[in-house]
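Q: From first to last, the protein sequence lines are chains D and P. Using my numbering, the letters of the first sequence correspond one by one to residues 1 to 680. Using my numbering, the letters of the second sequence correspond one by one to residues 1 to 680.
Hints may be right or wrong, so weigh each one.
Where chains are identical, the list cannot tell them apart; a pair therefore holds if satisfied intra-copy or between any two copies.
Unchecked claim - Below, a list of computed lysine-lysine pairs in the BS3-like style, where the Cα atoms sit at most 27 Å apart:
(1) Lys158 - Lys623
(2) Lys193 - Lys158
(3) Lys574 - Lys158
Hints in this document: simulated from the structure, not taken from any laboratory.
Number of protein chains: 2
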Amino acid sequence: MSQDPLVIFTPSGKRGRFPVGTPVLTAARQLGVDLDSVCGGRGICSKCQVAPSYGDFAKHGVTVQHDALSDWNAVEERYDQKRGLKEGRRLGCQATIQGDVVIDVPPESQVHRQVVRKAASTRPIVMDPATRLYFVEVQEPDMHEPTGDLERLKRALKAQWDIPSLSTDFSTLTQLQSILRKGGWKITVALHKANNSSDHRLVAAWPGLHEGGIFGLAIDLGSTTIAAHLCDLVTGEVRASSGIMNPQIRFGEDLMSRVSYAMMNPGGAAEMTAAVRDALNTLASEIAAEAGIDPSLILEAVFVCNPVMHHLLLGIDPVELGQAPFALATSDAVDLAAPELGLSAIAPAARVHILPCIAGHVGADAAAVALAEETDTSDDLVLIVDVGTNAELLLGDKTRVLACSSPTGPAFEGAQISAGQRAAPGAIERVEIDPATKEPRFKVIGCDLWSDDPGFAEASAATGVTGICGSGIIEAVAEMRMAGLLDPSGLIGSPAQTGTPRCMPEGRTHAYLIHDATAEGGPRIAVTQGDIRAIQLAKSALYAGARLLMDEMGVETVDRVVLAGAFGAHISTKHAMVLGMIPDVALDKVTGAGNAAGHGARIALCNAAKRAEIQDTVRRITKVETAIEPRFQEHFVAANAIPHATDPFPHLAAAVPLPDVSFNTGGGGEDTGRRRRRRA
Amino acid sequence: MSQDPLVIFTPSGKRGRFPVGTPVLTAARQLGVDLDSVCGGRGICSKCQVAPSYGDFAKHGVTVQHDALSDWNAVEERYDQKRGLKEGRRLGCQATIQGDVVIDVPPESQVHRQVVRKAASTRPIVMDPATRLYFVEVQEPDMHEPTGDLERLKRALKAQWDIPSLSTDFSTLTQLQSILRKGGWKITVALHKANNSSDHRLVAAWPGLHEGGIFGLAIDLGSTTIAAHLCDLVTGEVRASSGIMNPQIRFGEDLMSRVSYAMMNPGGAAEMTAAVRDALNTLASEIAAEAGIDPSLILEAVFVCNPVMHHLLLGIDPVELGQAPFALATSDAVDLAAPELGLSAIAPAARVHILPCIAGHVGADAAAVALAEETDTSDDLVLIVDVGTNAELLLGDKTRVLACSSPTGPAFEGAQISAGQRAAPGAIERVEIDPATKEPRFKVIGCDLWSDDPGFAEASAATGVTGICGSGIIEAVAEMRMAGLLDPSGLIGSPAQTGTPRCMPEGRTHAYLIHDATAEGGPRIAVTQGDIRAIQLAKSALYAGARLLMDEMGVETVDRVVLAGAFGAHISTKHAMVLGMIPDVALDKVTGAGNAAGHGARIALCNAAKRAEIQDTVRRITKVETAIEPRFQEHFVAANAIPHATDPFPHLAAAVPLPDVSFNTGGGGEDTGRRRRRRA
């Protein structure tokens with residue numbers, strides 16, 4: 001007696017024997033092969049396309065004949081004529097097994113397909129969305145069996161997709177009867193499955209087979225900007241990315257001024273909540289328009305944000321976040337319906353997931369960074385620094401992860417700097433100072449030329465040179481130190497001490513002139529002693545936070561440093577090291593992670609299991625509170641020098657020679673940096 | 001070695017031995033004795049009051065000494081001074097066991113206390129509400145352990161009340177931080193537990209011990225009137241009852257005209273939905289004001305209604321209910337949040353439960369009647385008739401329950417009657433006709449005197465005599481038959497045939513004059529031949545429905561008949577029997593159930609387990625669809641005579657002698673009643 005044919009699926013390598021006549025989709029399901037299907041094997045959705053291989057497969061020990069699968073059938077013929085089927089492809093639900101066969105499941109036919117971004121630094125995302133499409137045929141109503149249309153839909157989902165229980169959003173229920181009749185009792189439903197529950201929620205429905213896709217928003221809700229990716233929830237593809245300013249800026253530039261606004265103004269928190277929700281609706285509409293999709297097809301939104309934005313988004317007064325012990329109203333992940341957040345621009349039944357907060361100062365954005373960087377599975381000890389108005393720091397490896405926030409203040413974002421401005425066209429973002437001539441050159445945002453390149457004046461005419469942004473001031477200070485214009489204590493030398501007239505007296509101190517357009521009525525951009533002090537305070541806070549985590553971990557060095565956020569994407573590693581912002585480490589061990597928080601939001605959007613995983617990770621993270629830790633003060637004070645003076649920095653010293661200068665004349669009232677740090 | 005003391009609780013009889021020093025509350029909990037506590041044994045809520053008994057208890061085999069419980073302690077002393085403790089009462093959480101003791105749990109200390117209504121006909125309700133109060137002490141936040149306030153509340157509920165999981169309504173979450181701080185980390189929360197789930201939902205919170213009560217609404221949403229009971233969710237007490245007109249009346253008097261309105265007018269269904277939701281908010285505000293409670297303490301609402309009102313309440317277009325196969329959008333019970341129904345007058349986190357519909361014509365109101373009457377546990381075969389614009393009928397006993405609806409039309413409500421009007425002050429509601437003189441007398445709503453009583457004119461001056469309502473026309477027609485003015489075919493005799501000038505010619509037929517105030521510019525109220533025909537159509541439909549259920553059940557008689565609804569409360573059994581509205585049964589076996597639907601709503605409000613029970617019962621009810629059943633037509637035609645002519649009616653014949661008259665002269669075009677019935 002001959003055996004049943006052997007079926008081998010690639011790339012999984014799963015194999016089994018099936019009776020002649022078994023559909024490929026059935027074989028795949030029984031073996032647990034990851035082969036998609038929306039229509040449940042009716043030959044209409046084409047999601048189950050497979051590519052049979054023929055010939056000798058020595059490594060699998062089979063020879064595949066050309067009649068190993070059933071002939072091309074009428075359903076495939078019709079599908080090919082209507083939509084086109086790629087050469088060599090078959091519909092898995094139509095082709096049946098006739099002999100030993102090797103069947104490849106192409107990536108686009110996998111449910112859990114991997115989505116690889118162009119940027120090599122980010123990890124691929126495995127698709128496993130919370131919201132999926134199901135095509136079902138529902139029994140028609142009958143006077144002898146007067147169950148409701150919804151109950152018959154539930155029965156069909158149970159029978160055809162093994163969905164055990166269904167809850168319903170009422171915006172969808174109100175449409176259900178007309179959709180069922182329009183589709184002739186064939187219907188595609190979008191079901192959202194919550195974590196830790198077998199319950200599915202009906203969030204959208206369409207007559208017949210829905211081919212318009214379903215989408216989700218991954219939103220990084222920052223204090224200054226709100227950035228969103230619009231993702232296809234089936235393919236994972238990013239269909240559009242967009243950002244707008246957070247309109248709460250008018251209530252306060254940084255988080256603590258917003259908390260103060262809420263404390264000082266009755267109804268202030270509600271005002272800020274309304275402002276950010278309005279902005280989110282605008283953003284959702286714009287991004288849908290940009291991608292050319294109907295916003296009612298947006299069925300999910302995932303948010304990452306710092307704790308203050310988290311509370312203001314939810315409509316919770318953030319007052320407790322402004323004072324010790326910085327108690328969060330809720331720290332766990334939050335799942336709710338879009339209308340509860342006033343998100344009216346997307347589907348009324350859309351589900352919202354907000355990542356968990358790590359602590360009162362370490363938000364869901366840091367959780368998203370941990371998710372994107374997989375800190376908790378790292379073999380080497382990694383320090384992740386996400387600099388915004390507060391810096392959020394994660395230090396860990398697979399054994400343990402620590403987190404804290406550091407009150408860097410807004411200097412790294414260009415605020416509290418004499419010529420500072422937000423990163424916008426016209427802002428100086430790169431600075432170089434010639435160590436010999438002490439002359440600067442710079443680049444501004446919006447212009448590709450350096451300021452000493454021929455044609456710069458013309459090329460930068462549109463933007464002008466308007467100020468200096470965060471990355472610009474960091475480079476300027478570091479370059480000043482490297483050019484010997486600044487001593488380790490942070491003092492700017494006099495023209496006599498430095499040999500350049502650009503170090504101009506300003507009151508009892510000096511300022512280094514980068515650009516002077518006052519003759520043409522333009523700005524005068526200089527780095528003042530005050531600017532240096534502001535950067536020193538910020539970088540000391542940042543370094544002290546990192547050092548505190550290292551103490552807690554019991555280490556003196558870290559293996560690598562990841563600079564996350566827009567900040568990480570724009571500042572140069574070398575300059576950050578020269579300033580002493582981060583612990584000493586080999587330069588090639590410092591990498592930028594791009595928008596890791598945004599990438600974490602996208603992971604959580606595309607993969608529901610990761611939501612549970614990060615909630616679990618967050619619970620296990622050890623939170624270190626800088627505000628109550630005396631060692632933080634010590635590290636802060638000790639880190640004031642440029643670079644930090646207390647810890648060894650062999651890697652930096654080897655890479656960048658720093659002039660041994662000292663401009664402290666012993667006199668004068670210049671405060672050498674021992675001001676008290678302040679939060680925000 | 002002596003044994004631990006024996007503790008016996010009454011009335012349960014539960015007993016056990018406990019070590020000396022065990023608090024009574026602890027002993028009660030371990031034995032599963034139904035002893036309430038909101039504060040969890042902290043001596044502040046006083047819900048656990050018990051009454052120890054002393055002396056010899058031969059039947060229990062114990063002698064209780066006066067030192068069987070610990071001495072009155074400081075907590076009890078303070079409570080007694082502040083609030084007063086009844087003579088002989090102890091706080092179960094404070095008094096500890098010292099020796100053998102018999103402890104009575106008074107009814108008000110039981111969680112599952114029974115609520116008995118004054119009306120003897122309704123069954124007592126056992127309290128087991130879905131929403132309950134819990135007092136907890138929450139751990140204060142701590143910088144070293146930065147969980148959110150909500151997460152610490154969850155932990156406290158788990159530790160102190162064994163609540164395994166908690167979901168949160170966001171309107172409550174936004175208030176949580178200030179409530180916790182205001183109460184010094186002591187808080188009372190209201191948790192709603194959904195059926196078939198261990199999940200509790202946080203729906204309200206108060207600082208410290210909340211003593212203001214929590215409330216629920218049991219709402220009978222009828223086509224014409226909306227009636228509500230405001231119930232205390234702890235005691236079950238009805239604090240206020242109120243009703244208002246359903247404003248949808250302006251879109252159509254009966255259900256089918258409302259369905260037509262929705263079909264003919266784009267947006268018509270939405271308009272009706274908005275109207276009824278507005279009215280519900282008005283009703284909720286009014287009833288709260290009447291009871292003197294804050295409407296934000298209303299945390300639940302339970303609705304019963306017919307299928308069309310059910311759909312319009314939910315915002316579902318009822319168009320499918322207007323045409324075969326009368327498919328419901330959803331037939332199962334519906335649970336949702338108050339804001340989803342636009343119920344803004346009650347707590348924003350209030351939960352709504354809508355009872356299941358039995359079929360497209362047999363609504364959640366019939367389900368509520370089944371719940372109130374416990375049809376499915378009855379030993380004898382009972383027919384329940386709930387007459388509105390459609391009559392809903394249930395027939396069954398503990399073996400099987402059948403249901404159908406009958407298209408009686410609105411004649412029983414006074415519509416389609418020449419002098420008909422709604423039951424309102426001035427409407428004739430009772431009629432008697434002297435068999436000898438053929439003279440009528442009547443009563444109007446709003447006046448206690450009969451029309452032939454001295455002083456009637458003065459007493460009825462305020463209301464006047466404005467028309468005849470449903471119960472009035474039924475009595476009038478039955479009295480006319482009993483007085484020999486009407487023959488079994490439904491023909492009104494001429495003055496010559498009847499011997500009274502009140503049987504006045506009107507066109508080719510006659511009308512019986514009840515009241516003529518035309519001389520004073522008032523109305524002329526007569527029962528016309530057309531009125532008789534309308535009542536015949538309605539009662540034939542009702543009887544045919546009952547007969548169809550009896551066929552389906554395979555019986556020729558029923559044991560008893562229950563008349564539910566306002567109709568049942570107001571018409572006289574005898575007159576209904578004379579008309580042949582219901583199957584023949586001994587007069588004392590016909591009872592009115594009052595507002596059984598409203599009582600069913602109240603049961604479901606006060607007892608969550610009953611919700612699951614009725615859903616289960618409804619699933620098991622056999623639905624009989626009158627519209628497609630040929631036997632319905634046969635019964636309908638055969639039931640046209642007054643009383644119905646096809647079935648024997650020995651009980652009626654024995655109770656009420658009916659004159660053997662016939663006014664059919666054999667000529668003329670008078671249709672003898674074989675008009676086609678119409679729905680609605």
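Q: Evaluate Lys158 and Lys623 at a C-alpha cut-off of 27 Å and name the case that applies: within, between, both or neither.
A: Only across copies: Lys158 and Lys623 sit 24 Å apart there, 44 Å inside one copy, limit 27 Å.
Q: Within a copy, between copies, both or neither: where do Lys193 and Lys158 come within 27 Å Cα-Cα?
A: The answer is both: 14 Å in one copy and 25 Å across copies each meet 27 Å.
Q: Within a copy, between copies, both or neither: which one fits Lys574 and Lys158 at a CA-CA cutoff of 27 Å?
A: For Lys574 and Lys158, the Cα distance exceeds 27 Å both inside one copy (59 Å) and across copies (52 Å).
Checked against the numbered hints above, the structure breaks only hint 3 and satisfies the rest.
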